[in-house]
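There are 2 protein chains.
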Amino acid sequence: MRYELYYWPSIQGRGEFIRLALEEAGAEYVDVARLSGRGRGVNALQHFLESHAVELPPFAPPFLKAGELVIGQTANILAYLGPRLGLVPKAEAGRLWAHQLQLTVTDFLVEIHDTHHPIAGSLYYRQQKTEARRRAKHFTRNRLPKFLEYFETVIDRNASGRGFMVGRSLTYVDLSMFQLIAGLRYAFPETMAKLEGEIPGLVALHDEVAARPNIAVYLASKRRIPFNQYGIFRHYPELEKP
Amino acid sequence: MRYELYYWPSIQGRGEFIRLALEEAGAEYVDVARLSGRGRGVNALQHFLESHAVELPPFAPPFLKAGELVIGQTANILAYLGPRLGLVPKAEAGRLWAHQLQLTVTDFLVEIHDTHHPIAGSLYYRQQKTEARRRAKHFTRNRLPKFLEYFETVIDRNASGRGFMVGRSLTYVDLSMFQLIAGLRYAFPETMAKLEGEIPGLVALHDEVAARPNIAVYLASKRRIPFNQYGIFRHYPELEKP
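Listed in order, the protein sequences are those of chains E and L.
Under the numbering used here, the first sequence has 134 at position 134, and the numbering climbs by one with no breaks.
Under the numbering used here, the second sequence has 203 at position 203, and the numbering climbs by one with no breaks.
Honestly, I wouldn't trust all of these hints.
Copies of the same chain are indistinguishable here, so a pair counts whether it falls within one copy or spans any two.
Derived pair list, reagent style DSS-like, types lysine-lysine, alpha-carbon separation capped at 27 Å [as the list claims (entries may be wrong)]: (1) Lys65 <-> Lys146; (2) Lys194 <-> Lys146; (3) Lys129 <-> Lys146; (4) Lys65 <-> Lys90.
Hints are computed from structural coordinates only; laboratory data are not their basis.
Chain E with its partners taken away, still in its complex shape (with noise of 0.2 Å):
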C-alpha cells in the first residue's frame, strides 16, 4: 500500500505525528502537497476540503489516503495505521489504551497552540500578544507539567519495564513523545530546562526515538521540515517570561 498524506507543506504541526509512524517503519508514502506535478500540491489538499464531489470531506488536514479511503484527525489516522505498521499492541486493550493516550496527546496539543493564539486562529499573533503572555503563564506553569508529569507516570507505571508508553515495544505514542519533548524545547527552552530532571522517563525515551535507524535518518533529512513560526511550536521569548 502506498499511502498519500495530505498536509501543509511548510510546517510539521499535525502532519508531523503521521510523518514520524510513516519513517518509522519505513511504509510507502507521498506527503502530496509538498510535491509539485498533476494532483500533487496544495491544489490537491484543497480540493478535498473544498469540492463538493468529495463525499466524506475531511475538517481539516492532516488526512490519508490510504487506497479508496480518506481518513481525517490525526489520531484518528494512527489508530488506522498503528497496526498496518506495526506500531501498536495487537490485542484490543492495548489498541484503546494507546489511542486514550494518543487523544490526551491530542488535547495538550490544542493547549500548546492556544498560547500564542489565545483569542482567535485567524487572528496574528502579534494582535493577541497580551492575552498570549497570560495564557501561556498559566500554560508553562500548571497544565505544561501537569501533562508531562502525567506522561511520565504512564511510562513509570508501564508494567513491563521496558521505558516505553505501551507494553513492551514502541508504538506511535512514543513517537508522538518524542516529538513533543522536541517541540516544547523549541518553543518553551526556560520552562523545559527547569523541569526536564523530573521527567527522566519522557527524556530517555526522547533519545532513545531520536536514534531509531530510521527515524535518525529520517531528521538528517530534508523531508524533516525545521520548526519554524508558523507551526504549533513557536519559539516567542516573551512568553516564558513571569
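We have chain E already, so just place chain L on it with the hints.
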C-alpha cells in the same frame, strides 16, 4: 455487561455524550459519581485519577469501566461502545468516518468551552471576562458557523439521504449532534436563532433524536442534568454582544 461511567456528577460536560449513547441503546449502566455507597460517589472517581495502584490512569474524566477495561477519552469510549450498542456501522470505513466526525466534535467542544475560559481553566470566568468577550466574538462570527456548516454538509452529502450523519441509521455521532445543538441553543441563543435557517438538516436531526423513545424518557428524567453555569455550555449574555 453492566458498564460503569465515571464522570463529574453535577454537569453534563463530556460525560453527556456517553450517557446519551448508553440511554439510546437501553444499556445497563451506573453513573458512579452520582450514586452514594461503597465504591460510589466522587471519591470512587478520584481513586482512578490519584491512586498509585491504577496501572493505566486516565488523564481526566469521563472514563468507562467495562469488565476489566478502564477506557478514557470521550471519543475513544464511543468508538468502543459503538459496535457493542449498535450505534455505528459494522464496516471499518464507516467506523473510521464516525470516529473522525466525533473527533471533530471534540475539537469543537474545546473551542466552545474556551469562549468562557480563554486564559485558564483554573481561573474563574470573572477573572477572564475581557478576554472571553474577545474570543467569543470570533467564535460566534467565524468558528461556530464554520463547524455547524461543516456538519450540515456531512448530512447533505450522506448518500443514504436519510438525514443521519453516517450511513442509513442512527449512530453515536447523531446523538452528539443533538447535544451540540441543544447546548449551543442554551449558550448562544441569539447566534443560533440567526443561524438555524442555514442548518436545516442538523435542526431536523436534533428533533428526531429528541423524539426517540429512550432519549425522550431520558431527557424527561432526573438522570438528565439540566444545563448550568459549570459545564461546557454556559449562558453569559455578554458573550453574544458585539
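Evaluation of the provided hints:
no.	hint	verdict
1	Lys65 <-> Lys146	between (35 Å within a copy, 24 Å between copies)
2	Lys194 <-> Lys146	within (14 Å within a copy, 40 Å between copies)
3	Lys129 <-> Lys146	both (24 Å within a copy, 25 Å between copies)
4	Lys65 <-> Lys90	both (23 Å within a copy, 21 Å between copies)
Every hint from the earlier list agrees with this structure, and none is contradicted.
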